[in-house]
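> As a plain string of letters, each chain reads:
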Amino acid sequence: MMTQRRSFLRHRYSKTLIAALFVLVYLFPVYWMVATSLKSSGDIFATPPKLFPIPLNFTAYDTQVLHNPLLGSVFVNSIIISLGTLALTLLLAVPGAYGLARLKLRGSGLILLFMLIGQLLPSIVIAGPLFILFSRIGLLNSHFGLILADTTFTLPFSVIILRPFFLAVPSELEAAAKVDGCTQFGVLWRIVIPYVRPGLITVAAFALLIAWGEFVFALSLNPRTNQPVTVALNKFIGQYGTQWNNLMAVSTVVALPIVLIFASLQRFIVGGLTSGAVKE
Amino acid sequence: MALRETFGSNLAAAERLSWTVRLRRYSGYLFVTPMLLYTIVMMAYPILSNLQTSLYDVDVATFRSGDAPFIGLENYRELLNNPAFTKAAALSLVFTSSSIFLQFSVGFALALFFNQKFPGNGILRAMLLLAWLLPAVVVGNIFRWMLDGDYGPLNYFLQSLGLLQEKQYWLLNPNTALLGVILANAWVGIPFNMLLLLAGLQNISPTLYEAASIDGANGWKRFRSITLPLMRPVALGILLLTFIYTFKVFDLIYVMTKGGPVDSTTVLPIYTFKLTFDFFRFGDGAAAATVLLLGLLCLAIGYSRLIRAEETA
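Which chain is which? The protein sequence lines are S and Z, in order.
This note's numbering numbers the first residue of the first sequence as 1 and each following residue consecutively.
This note's numbering numbers the first residue of the second sequence as 1 and each following residue consecutively.
Since the hints were derived computationally from the structure, they do not count as laboratory data.
Heads up, a few of these hints could be off.
[As the list claims (entries may be wrong)] Quick list of in silico lysine-lysine cross-link-like pairs, BS3-like style, CA-CA up to 27 Å:
| hint | chain 1 | residue 1 | chain 2 | residue 2 |
| --- | --- | --- | --- | --- |
| 1 | Z | K117 | S | K15 |
| 2 | Z | K167 | S | K50 |
| 3 | Z | K167 | Z | K258 |
[Said to hold, decoys possible] Distance ranges between label pairs, derived from CB positions:
| hint | chain 1 | residue 1 | chain 2 | residue 2 | range |
| --- | --- | --- | --- | --- | --- |
| 4 | Z | F280 | S | G138 | 18 to 24 Å |
| 5 | S | S40 | Z | A309 | 58 to 64 Å |
| 6 | S | T47 | Z | Q116 | 39 to 45 Å |
| 7 | S | R224 | Z | E166 | 42 to 48 Å |
| 8 | Z | L201 | S | F45 | 43 to 49 Å |
| 9 | Z | E166 | S | S264 | 41 to 47 Å |
| 10 | Z | F280 | S | K235 | 18 to 24 Å |
| 11 | Z | A109 | S | N141 | 44 to 50 Å |
| 12 | S | S41 | Z | F157 | 19 to 25 Å |
| 13 | S | I80 | Z | A109 | 38 to 44 Å |
| 14 | S | G238 | Z | L230 | 49 to 55 Å |
| 15 | S | R190 | Z | A61 | 54 to 60 Å |
| 16 | Z | L161 | S | G238 | 30 to 36 Å |
| 17 | S | G238 | Z | F280 | 20 to 26 Å |
Quick caveat: nothing in here was measured; it's all calculated off a predicted structure.
C-beta atoms are modelled at their ideal positions from N, C-alpha and C, and glycine is treated no differently.
Could you put the whole structure together from the sequences, leaning on the hints where they help?
Below you can see the structure in the form of structure tokens.
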């Protein structure tokens, strides 16, 4: 009995060990990015490659990140664009998904189908027409233009994710609030929103992740000014050449907000993915 | 007299009620109006405007002056007769199907593994998802470095295993560049496939496996006659979804190779981008974009049909 239980335990942890080793190997490219960013210019060209960045060298961060005014400004651009996309997405998707789920509107099936198709739209297909449109109304190279464009990714996704959450709100709650004199908008704000908070967090997390990493619209619609970090990083490829430690330091800093959002909201992100089965 | 009074006031009340009900129903449209307006301006209009542009000879000069001549389907005829377009379409198919093959098979194997109960399961499989969430520009850069001919760890690894004799410049060689890009894209997509397939596996009722065990079915038999048939609809949906997502991949490839060397990784989205934003041939670019969209639309319709069939089943 005793030995049986022990072998069972060993078996359990052996699976954990296999999984942990696999994750370690699978995420090696991410480790290699960080390790390279902490090496000196000489160490990155060592043969055989040095697995660990010893001694730690912060020169790349010091020169390319801390004392790089360009990186600071593109970071600010990315923060503005990401938060703007988040705000616009919630502003449109929350009432939209609520309307589709709660109020029996005619044509809501059609709207939903359009959202589903919109989610599969290649950004390159709308980047061209948006370039022409934005150049006519003066939105090229602007934060707002890019926020408008990035929301084409996040809106369909958010509506599809949020609708089931709204459907799950018990209608008795809403009816009770209406009896107490709440307006339709008051019901949405006071009763429904607190109820669908997990869905909102999922949608918010994805809006930030998508907007932060977006590249196609930024490349085509903001070719001159107000560029986000992704376009700047792409430019550095040509400038840095084989200064891999510098390039990896900037890459690490660009990836950092994603890692932080993922680490803190992991539960909502994984849950949202499996329920909605979607991404930009 | 009393009767008419009661009847009349009821009628008025009923009328008032139906009026407020109607008002409330229309006020419902207020909630969806902003979203609809945005969708029309930012998504429907570009698609239609694209269609229109594709029928005109729009280049740099006519774009500025705004008097591009109408040429009907000339852009499309030119496009379909252009070997560069045909090559881009073929490369797109190779890129998409190989990526999907890798993502799906490895993702399925991982999903089967993570479908077992063991400590740390949730956090470990969530960590894999990091590969899928990193910005494509970052992933592209990492893989340029991983696949570097002189100092990349992949070459070192393969050489020390004796699998590679000479240095391989993966992304600089037109014969291997597409392979390198497929590898990077599969790395991004495997965790996503795993997660969706795992959700499918977890939906299979454990009582089915128990019943099969009692009937004496071994592991392989259970897999073949329970897991595979029950996963079929889920798997089909995921395959179609990832096909569309993979077919439109632009950023990863653009960052890694810019479509080169010698157009060996110029898939359709890259080809379309180059026409419009490198050569400013807006008319040709719009035609290419429309062809790309039409192809995907056919798939999307198939996809939504499949979903609906699953929901009613």
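> A separate judgement is required for each hint: does it hold in the structure or not?
Hint check results:
1. Z/K117 to S/K15: Holds, at roughly 9 Å.
2. Z/K167 to S/K50: With a Cα-Cα distance of about 18 Å, the restraint between Z/K167 and S/K50 holds, given a limit of 27 Å.
3. Z/K167 to Z/K258: holds (22 Å)
4. Z/F280 to S/G138: 18 to 24 Å: For S/G138 against Z/F280, whose Cβ atoms are near 19 Å apart, the range 18 to 24 Å holds.
5. S/S40 to Z/A309: 58 to 64 Å: holds (59 Å)
6. S/T47 to Z/Q116: 39 to 45 Å: With Cβ atoms ~41 Å apart, the hint holds.
7. S/R224 to Z/E166: 42 to 48 Å: holds (43 Å)
8. Z/L201 to S/F45: 43 to 49 Å: holds (45 Å)
9. Z/E166 to S/S264: 41 to 47 Å: Holds - the Cβ-Cβ distance for Z/E166 and S/S264, about 46 Å, lies within 41 to 47 Å.
10. Z/F280 to S/K235: 18 to 24 Å: Holds, at about 20 Å.
11. Z/A109 to S/N141: 44 to 50 Å: holds (46 Å)
12. S/S41 to Z/F157: 19 to 25 Å: Holds, since S/S41 and Z/F157 (Cβ atoms, about 23 Å apart) stay within the stated range.
13. S/I80 to Z/A109: 38 to 44 Å: Distance hint for S/I80, Z/A109 holds at roughly 42 Å.
14. S/G238 to Z/L230: 49 to 55 Å: holds (51 Å)
15. S/R190 to Z/A61: 54 to 60 Å: Given a distance of about 58 Å, which is inside 54 to 60 Å, the answer is holds.
16. Z/L161 to S/G238: 30 to 36 Å: holds (33 Å)
17. S/G238 to Z/F280: 20 to 26 Å: holds (21 Å)
Consistency with the previously given hints is maintained throughout, with no hint failing.
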